[in-house]
Amino acid sequence: MANREAPRPQADSITGNHLLTRRQILGGMAGAAGLAAVPSLLAACSGGASPSAGGQSSAPGGASSPPASAVGGNITLGSNYSDAVPKGVLQGIVDTFSQETGITVKVNTVDHGTFQDQISSYLQATPDDVFTWFSGFRMRFFAAQGLATDISDVWAKVGDNYSEAFKVGSTGDDQKQYFIPIYNYPWAVFYRKSVFQEKGYEIPTTVDELKTLCSKMQTDGLIPFAFGDSDGWPAMGTFDILNLRQNGYDFHVGLMAGDQKWTDPKVKTVFEIWKELLPFHQEGAAGRTWQDAAQALVQKKAGMYLLGMFVSQQFQEAGEAELDDLDFFPYPSLGTEFDAEQALDAPIDGFMISANSPSLGDDLDAAKAFMEYLAQPETQVTWVSQDKGNIAASKNADTSGYTPLQQKAAELIGNAQRITQFLDRDTNPNFAGANGMQAFLLDFLKTPDQDPDTFLGKIQTFWDTL
Amino acid sequence: MTAAVATPRTIRIRGRRLPLSRAALHVFLIVMSGIWLFPLAWAAYTSLRPFGDTQVRGYVSLPGTLNFQNYVDAWDQAELPHFYLNTLLVTIPSVILTLFIASLLAFALTRFRFRFNLWLLMLFTAGNLLPPQVIIVPLFRLYNLIRGIPEPLSDNGLLYDQYTGIILIHVVFQLGFCVFVLGNYMRTISHELTEAAVVDGAGVWTIYRKVVLPLCRPALAALATLEFTFIYNDFFWALLLMKSGDRRPITSALNNLQGLFFSDNNLLAAGSILVAIPTILVFVALQKQFVRGLSLGSSKG
Amino acid sequence: MADRTSDGLSPALPESTGGVGVSVGAKRRSRYSLLTRRDKLVLAAMIGLPLFLDLALIWGPTIASVVLSFTNWNGIGPITPDKFIGTKNYENLFQAYPFFWPALTHNILWLAVLMFAATPVGILFAVLLDRELRGTRIYQSILYLPVVLSLAIIGFIWQLQYAPEQGFINNVLGRTEQGNLISWLGDPSLNIWAVLVAASWRHVGYVMVLYLAGLKSVDPTLREAAKVDGASERQTFFSVVFPVMAPINVVIVVVTVIESLRAFDIAYIINRGKNGLELLSTLITNNSISESNRVGFGSAIAVILLLVSLGPIVVFLSRMMREDRR
Chain A
312 MANREAPRPQ
322 ADSITGNHLL
332 TRRQILGGMA
342 GAAGLAAVPS
352 LLAACSGGAS
362 PSAGGQSSAP
372 GGASSPPASA
382 VGGNITLGSN
392 YSDAVPKGVL
402 QGIVDTFSQE
412 TGITVKVNTV
422 DHGTFQDQIS
432 SYLQATPDDV
442 FTWFSGFRMR
452 FFAAQGLATD
462 ISDVWAKVGD
472 NYSEAFKVGS
482 TGDDQKQYFI
492 PIYNYPWAVF
502 YRKSVFQEKG
512 YEIPTTVDEL
522 KTLCSKMQTD
532 GLIPFAFGDS
542 DGWPAMGTFD
552 ILNLRQNGYD
562 FHVGLMAGDQ
572 KWTDPKVKTV
582 FEIWKELLPF
592 HQEGAAGRTW
602 QDAAQALVQK
612 KAGMYLLGMF
622 VSQQFQEAGE
632 AELDDLDFFP
642 YPSLGTEFDA
652 EQALDAPIDG
662 FMISANSPSL
672 GDDLDAAKAF
682 MEYLAQPETQ
692 VTWVSQDKGN
702 IAASKNADTS
712 GYTPLQQKAA
722 ELIGNAQRIT
732 QFLDRDTNPN
742 FAGANGMQAF
752 LLDFLKTPDQ
762 DPDTFLGKIQ
772 TFWDTL
Chain B
298 MTAAVATPRT
308 IRIRGRRLPL
318 SRAALHVFLI
328 VMSGIWLFPL
338 AWAAYTSLRP
348 FGDTQVRGYV
358 SLPGTLNFQN
368 YVDAWDQAEL
378 PHFYLNTLLV
388 TIPSVILTLF
398 IASLLAFALT
408 RFRFRFNLWL
418 LMLFTAGNLL
428 PPQVIIVPLF
438 RLYNLIRGIP
448 EPLSDNGLLY
458 DQYTGIILIH
468 VVFQLGFCVF
478 VLGNYMRTIS
488 HELTEAAVVD
498 GAGVWTIYRK
508 VVLPLCRPAL
518 AALATLEFTF
528 IYNDFFWALL
538 LMKSGDRRPI
548 TSALNNLQGL
558 FFSDNNLLAA
568 GSILVAIPTI
578 LVFVALQKQF
588 VRGLSLGSSK
598 G
Chain C
-2 MADRTSDGLS
8 PALPESTGGV
18 GVSVGAKRRS
28 RYSLLTRRDK
38 LVLAAMIGLP
48 LFLDLALIWG
58 PTIASVVLSF
68 TNWNGIGPIT
78 PDKFIGTKNY
88 ENLFQAYPFF
98 WPALTHNILW
108 LAVLMFAATP
118 VGILFAVLLD
128 RELRGTRIYQ
138 SILYLPVVLS
148 LAIIGFIWQL
158 QYAPEQGFIN
168 NVLGRTEQGN
178 LISWLGDPSL
188 NIWAVLVAAS
198 WRHVGYVMVL
208 YLAGLKSVDP
218 TLREAAKVDG
228 ASERQTFFSV
238 VFPVMAPINV
248 VIVVVTVIES
258 LRAFDIAYII
268 NRGKNGLELL
278 STLITNNSIS
288 ESNRVGFGSA
298 IAVILLLVSL
308 GPIVVFLSRM
318 MREDRR
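Residue numbers (our numbering), protein chains in the order written: chain A, 312 to 777; chain B, 298 to 598; chain C, -2 to 323.
Excised from the complex, chain A in its bound form (with noise of 0.2 Å):
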């Protein structure tokens, strides 16, 4: 216990340091976490955010005084970051923005699952002045209830910074602006070099060659692909990565949104295509959990991991040598027309202006500084430099400091002629929950010999009653 900071023999590198290395991320985050406790809970007891006046000096918990040059003035953030890294990460930023403004941010922390399922109340009642948010259709629902300020001043100023893509995904129904993406991450098939290295295993370009690598896999005793979805929505990644490949982004587009049918014969194709890969996945998958799917991959027990690069986490976690050992390849070609594409599941994470916001009167122009503040390049590179899961959402980010895998992110998604956000993303949250699309996916992964006509029109039948 005394030496924490020795180094470890080879053994305990993979487990035993799995404390140890969350310790240090939490204190290399400058200890954020932990001092911004003391003011939120002192803010908490005491009143901070009084509806009444931005002016009134509730000084939260007598934080770092503002150089006097300053602007000044207080902004709320609601923010669904609370899992330790991310949270020290947006701390810091906050802190940083402070100090260079005089703007106070009080972050009220959500776990993300509680903030998800009140987003909508949130926003009606009394929420923070910004909060955070992601790009797609659960976007434009919550402009298009005016529940979000237009924000399309800060885009004139900021919009250099960012592809038109970004522009698109942050555009409302109406054609303005809502929304400052700030990173976003792909979806892709991680692996660890150091096991393609030692066991000669190339990395599959079609999905014919991917089955012949999950038979060698388990052939020499690996799970091919690690799964854990007892969340419900890892498995959505498996079909969007499929139907984009097989039937191409327009037509998921438009699944998404009601136009096709889940009854289309084309669905059914993907689920036959799922189906043969199914034996290769990790059994018991609806009783685990992402994390827990991780570990397979990170203890060598599988071969690969169809995720979202935050999977990059469990390996930030259990050391820097891990995490260089973390790869990953797109997802291989079906034969269709659509490989060419190369589409794939990148989603959009930033922050929005709420439009109910008690305070906001007093704010807006604070709110704004704040959003200019995170569409900077710069920000956004102190983002994902300490959250290695995510690349910077502006074109103009310095790429420099990069870890290979975060370039080979960029890279991409820089490739890709079409990006989705996700299947939560992308439709009605009405169909896409855990009594919804979840379970019906959840289902599937069951007992996937059920007649998939049956089973589709069910899916069809559930979204007809929305």
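Hints are not guaranteed to be accurate.
Claimed, not checked - In silico lysine-lysine, DSBU-like type, Cα no more than 35 Å apart, as pairs:
#1 A/K577 to C/K85
#2 C/K37 to A/K769
#3 A/K579 to A/K757
#4 B/K507 to C/K37
#5 C/K224 to A/K572
#6 A/K487 to C/K80
What the hints contain is simulated information worked out from the structure, not anything from laboratory work.
With the hints as your guide, set chains B and C onto chain A.
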């Protein structure tokens, strides 16, 4: 078991045979107690082992190392002291207010006759028996709808996301049970006592305060113990009516902790035990109150 | 003092309730007339405030649930007349919604297991512990211990038993490998049973304590008489003790039904109530208090839950009324 020998004349014989059947009974009860204790004991055992130790040796194995590091880590990483404090902020006012209001109500409903006595009592009891999910959707809206709750009670003007809101729903929801129990208890208090007070010219408040309330102390103690655990253990109300993760009481905060402790069952075990300890301690210390509280009501919904 | 309390309190004690009730009734009227104006005001406040809160926060929302169930309101904006869609939510619920019947079935299964497995075990423990064995207190404490834990914590503690690779059960059975793994919480045909074991673990202790309190109050001469008549212990229990315990039995049945209908925490902790763990309670929250915004539809499920709950509530209230009359 003893059917064969249970004839009227065998009382004496049975007396001699008892040791055997008693021994069997003890064996049975010991086995059962072992089974009942096992999940908790297992959690305790797991929590004392470092993650690395279980990875190397497997979970079902003798330990290489036993220490409290998981507790230290869970305590720090999950900021448990903070959540314990939240729990106190909710639980203590809730218990006090519930007992206070319930005792007033029980006093008024049982010591005086109104036309609707029984109906009122039934209204409160039925409210306590409703599954909370029946009312959660409109309640959630209502908590977001009511504006202008003043400062010390609410820092956003709402009941939503406020200790006040959580306390309020606990009080109202638990009222039924407490009124029922206290009402039954007060019925057993002699009427000569209160009558004497009335003759002496005491007002209603004085009778409540000076005569009835002191006599109810045992029932109040039992109820306080029970209510403490009920409210401490609440997961549902705070999960849905408290948005801010850092304001949630500890039981609801568990929902976030799960994310924090992912893929480390040892840490999860330590966290669970830390959260369970206060109720276990209260139970061990005040077991009598517990049992009395339940048998007083025999009706907890 | 202590004796008096433990004796005279329980509403369920058959012999203590009757006498008191009558004498109270006779004397109350005279006292009421002695009340001053101020006294009446105090009394009105004592009753009025809790009544207002109860109506505002419990019965108001209950009625609102019923009203909302006839709308397609999505939680945003006002509820205008065109949002009222008649009984469409209910038709959808019964005919199309694929999760309603599973959820209802799971609630019924929950009830059946608690009622016909956990409750009898609890009663058995109570009967055994009623024999004044040495160490009764210790057994009683251990068996009761799970009751003081929240169902959320119980969910966590049992995950340590059920986890696929790290859990106790699979490790003992040697079923942690690809190819033979048992997914206790992931397999929709197993997980409800796994969860019910955990829920029963708690319910048994609960029933045991309630029943034990009742048994202590059974007049011992009844049993002596039965013994003298040559009844076996089993006969004595079923033909003498059990009938005398009728009031407690009603309480236990009501408690069990209500607990089954309220079941939420464990399922929510494990997987938010999907994939074999659907319950009416989780459907309500998943539909109405989640990113999904089907407030009207969720309310219709809440109304079904309300209607089902009214059964045991009415049973309990009618028991209250009967006792009051005696």
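Evaluation of the provided hints:
At most 35 Å may separate the alpha-carbon atoms for a hinted pair to count; A/K577 and C/K85 meet this at roughly 32 Å. Of the supplied pair hints, the one linking C/K37 and A/K769 is violated, its CA atoms being roughly 62 Å apart against a limit of 35 Å. Using a Cα cut-off of 35 Å, the hinted pair A/K579 and A/K757 holds, with the two alpha carbons roughly 17 Å apart. Between the alpha carbons of B/K507 and C/K37 the distance comes to roughly 18 Å, so the proposed pair stays at or under 35 Å and holds.
Between C/K224 and A/K572 the CA atoms are separated by roughly 74 Å; this puts the pair beyond 35 Å, and the hint is violated. Taking the CA atoms of A/K487 and C/K80, the gap is about 29 Å. The hint holds against a cut of 35 Å.
Going down the numbered hints, you'll see the structure goes against 2, 5, while the others check out.
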